[in-house]
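**Student:** Single-letter residue listing:
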Amino acid sequence: MPGTERAPTYFLARQRSLVTPLILLCVLLVISAWHGPHLFTSDGLAGAVIGAAPLVLATLGITVIAVAGPAGVDLSVGPVMTFINIVIVLGLPLVGVSSPVLVFVAAIIVGVLLQVAMGTLIACLRVSTVVVTLAVYLVLDGLNTVILPEPGGTAPDWLASWGAASSILSPILYVPVAAFVLWTLITASTFFRNIRLMGANDRTAFVSGVALIPTRIGAHVIAGIFVGIASVMYSGLIGSADPTAGASYTLSAVTALVIGGASLAGGRAKGLGSVIGAIDIWLISYVLSTFNFGLNASYWVEFATGAVLVAALFAGGILSGLSPRAWRHQGGLAGPTP
Amino acid sequence: MNAASAASSSLGANFVEVSSVSKSFGETRALRGCNFSARAGEVHAVVGENGSGKSTLAKLLAGVLYPDAGSVRVNGASPASPHAARARGIAVVFQEILIAEGGSVLDNLYIGDDGLFSARRSQRQKRAEAAALLDRLVGGPVALDAPVEDLSLNTRQWVVIARALLGKPSLVVFDEATAALDHSSVERFFEVVRELRASGVCVLIVTHRIHELTAICDRATVLSDGADVGTLAGGEITEARLLELMRGEAGSGPAGGAVPERPAGASCSAANAALVVSKLRLAPDAPPIDLAVGQGEIVGLAGLEGHGQVEFIQAVSGIKRGVGGSIHVRREGRLHAIDSALSADRANLAYIPGDRKAEGTFPNLSVFENFGIACYRRSARAGFVDRRRVMRMFRDQVERLSIRIGSAAAPIHSLSGGNQQKIVVGRALAASPLVLALNDPTRGVDIGAKRDLYALLRRLAENGKAILFLSNEIEEFVGLCDRVAVFRLQSAFAVLAGEEITADSVLAAMFGYAGALERERARH
Amino acid sequence: MAGAVLIALIAFGATSIGGFWSLLNLRSNLVFASFLGIATIGQTLCALIGGLDLAIPFVLGAANIGLVRLMNGGVSPGLGIVIVVGLGGLIGAFNGALSNRLQGQSLVVTLGVGNAVLGLVQILVSKGGVSGISGGTIEGKIPRWIERFSTFNHSFGIAPAVLLWVALIVVTIVVLRMTWFGRSLYALGGNQAAAARVLVSSWWSWTVVFAVSGATAALTGVLLLGYTGSGYAGVGDPYLFTTIAAVLIGGTSLVGGRGGYGLSVLGVLILTVLQTILSGYNLSQAAQEAILGFLIIPTVALYARSPHPRMQI
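Residue numbers (our numbering), protein chains in the order written: chain D, -10 to 327; chain R, 32 to 555; chain G, 18 to 330.
Looking at chain D on its own, in the form it has when it is part of the complex:
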């Protein structure tokens, strides 16, 4: 019967957004092999995994929000992670919680609660995602500094040991892999398809009977789960609590999202792209750290991250033939398509 077989061309066309992050990954791996071969030792790989894992997971979290669109950029992710980091390091010991399972559960609950609060505001008040997450960014960034003016505290021992892991065959690998399996299951679900279609065109979804408010809040629940897991990994990575890291983490995660090929117009973003994008971001700072920039290293990272983001946008634009597709529904181009 015509139309029932899966056309491979469409499958390939949908993978086109992965081209940019993959090319960048290859380039960075080649430079690493040449200039920082330490990466390919057991030690180096473990460091890479624990170094990149929080960003990978955080990027997956905000990918759902980008899919739910429109203009679904979650600016709050950095301060949210920092907040959960403070909760894990300073808050949970106060109530005597330190076992791995409970820490994960608590982190996920805090992440989900924060995201649900934002999702409810976005869905019910119909205020744009950027504005709400911006407000939450300000609130939490301020609050984090009020609670903890200086970096301090120590993570639970089991968690702190993750940061110094020397083999990748340990929880630092199992947790992200389990999280990605969870991601794959979620994206295959009916619920996620509704999120995707709502992101592509919420009016179509609405008149077709998709319940917009639960669907949007659900997208934020998924984001909260991944941001929660990311925060645990992040606490393991730095081994303490740091109130100041929020802003740069937001920038890194949004950059990773864009490099990964997500369309901020909504409806189009791939988890795999976001994962590769996040790995790219980590590799950029790794590669730069192998050069001897001394005190200037942080400037180079800032410059390179920004430049790569712009370059990725360029490349993405060229690959899609600068197609004004996303622009069109805002009235950018009129007239029927040939």
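Keep in mind the hints are simulated off the structure, nothing from the lab. Just so you know, even glycine gets a beta-carbon here, dropped at the ideal spot from N, CA and C. Please note: incorrect hints may appear among the correct ones.
[Stated by the list, open to error] With beta-carbon atoms standing in for the labels, derived distance ranges:
1. Ile202(D) - Gly355(R): 45 to 55 Å
2. Asn494(R) - Ala2(D): 25 to 35 Å
3. Leu147(R) - Phe311(G): 30 to 40 Å
4. Ser55(R) - Pro315(G): 24 to 34 Å
5. Leu319(G) - Gly107(R): 39 to 49 Å
6. Leu319(G) - Arg431(R): 39 to 49 Å
Fit chains R and G to the supplied structure of chain D, relying on the hints for placement.
**Tutor:** Using the frame of chain D, we list chains R and G on its own:
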């Protein structure tokens, strides 16, 4: 009224029951005490001028809007939301083609069909059903995995119709669903409607195209100014009767064709040609197009959807580029080439869009600013706008086009579609252009405003303007145009002139039958 | 609306905080307001055409340290300011041109360009070794007139920076209301395709608007240098969100086409009064940031909500 009550009492119970419903949007009262009823197993048309409340009625039935007063009942219950309406077997195809760009065709067909967490049908079942239905509707296979934005407008419209049908509805509302369908598709659409009626589904059709509903409708309810003014049944449904009801007591003029009689035909000669298109190709492998439009001439552009007439008028207006060839406006003996919107403006050519929402009006600006924005640039001195001068131009055009406006400072959407279109036309005329290119200007415009527009175009032609007039309603060409260029496969397939222009001959040419044309020519 | 909020806040401050009305307080507040106000010119214009400029704090910081580096290197202050503001404009123009070509994704474009620019300027400043940069701070000899420009001096009564702001307010509002360019920005924010039909070039408008934003950000960087007396790369950090907050609180929608700079001026004044009140309660900078965040959502919910999909069918 009498016809309606008589008809409903003689046959079974009403499936749809709308009683004394009112709905307002701010100051605008879309429906005021509207009554309407329809039975299962009938095709019922809802007709009326623009702004008479037809679309609002459709939205109430879909659960998209709620009535301010009165009640809407379908099969005994009120649709509380699109979700609830869908569960009760109500499917509505809206005027705008609502698709989720980025989703596949299959996603778009079954959007909203799944529950929150689980699918109601398996993917395999969906594919099989969808393929079978689309195959029948579109008349050929459609790739279910293709991104939906790659489809033509015609196929997208079918996808939206198929989405409504796949839910096995008991009430289907088509709000101008044939607007984007090409001619052969409309025939298939009628078949679908007849099948639905045969299987006991209640079908409501909201339309502007009167000849369509005379073809398939059992009954027709006429709305005027937000209230029902009468229901016609069976043989009573004629163009004359419908127009009479729509116009109410004011419609004392001759009901019937809305198109004015053509006065003595103008023609185009090398001497008076104002617009000269030569060897323009719309696609690399398409035949070149040569067309000249003389001063005082109205040339219609026709064609099935996607056959190049829209691209042609946009190329002429400098919005899109053709592949090779040249476009010139001749003004005062000098040739001005057109290759961009700016050069078109310099050459004194004005483009008037018909899709106001997409490329006509500015929703954030007032009525006056919507007019003025096109005049500011020309009247600006050192960048500063001469508001007083523009206001004079505005008053002038409002009077000439008899635009009905409340306050000039009111938002543009306070005007009816027809008056919004007149603002768009007026701001183009304010620059006193030599050549006018109108891209489907009567789309979604009520009959009164259409007549005004036809008369205006004739008047402009008599004053020596050259006019290109693209339309999707074939009847419009007859009597209005001096010539009609019919597009087929990205080129001008035939150019009809004078008495050759009949609905049948234009249609025949659109489908590529040159024979009919020859016969027509032989007859004269 | 925003005006009522401003009056209510002033009334609250006057009754609850002693010394609220003292002249010194008013003067110093106006200086702060003028910094924020000038930086907000660009953000308002960007919002009107449906964009967002997140590069403002980075350009501001880069201009701040860049000018010190130029002056330390022997460039005359006047020429230095021209160079810095000009470069700010060029960076902005690049932001606008690229965002427009990339279907209006100004948020990520400006974020990327901003980081790249500030990173690059810090690398360049720290080279040369004339006077190194440490912790993002660079010391240098700032001419007295630059310092006096941004501080209220006794002979004049009011800081020249405030007068500059007032002049810029007038220019911006006149341009937005009375010129073809200003009106075309509203058209562009309302309906891009329709704007193209009346010969508004979207690419050109975006380029100019973002160039203005870059230039005003750089100018704010210069003024802040006069105020603080030394270059600091992070000096612009608060301006990332306060410029957006001022635009939103004033009542200009981020979607484009509605609002204006007059509203943003009200937004700036509201933020300034609010910060005075919060400081009066001895709240730290961080706590003030948190409270500001809490306030954004209700103000936006009041008049920047998007319509329900049901109204858009």
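**Student:** If a hint holds in the structure, say so; if it does not, say that too.
**Tutor:** Hint check results:
{"no.": "1", "hint": "Ile202(D) - Gly355(R): 45 to 55 Å", "in the structure": "holds (53 Å)"}
{"no.": "2", "hint": "Asn494(R) - Ala2(D): 25 to 35 Å", "in the structure": "violated (52 Å)"}
{"no.": "3", "hint": "Leu147(R) - Phe311(G): 30 to 40 Å", "in the structure": "holds (32 Å)"}
{"no.": "4", "hint": "Ser55(R) - Pro315(G): 24 to 34 Å", "in the structure": "holds (28 Å)"}
{"no.": "5", "hint": "Leu319(G) - Gly107(R): 39 to 49 Å", "in the structure": "holds (41 Å)"}
{"no.": "6", "hint": "Leu319(G) - Arg431(R): 39 to 49 Å", "in the structure": "holds (42 Å)"}
Hint compliance for this structure: hint 2 alone is broken.
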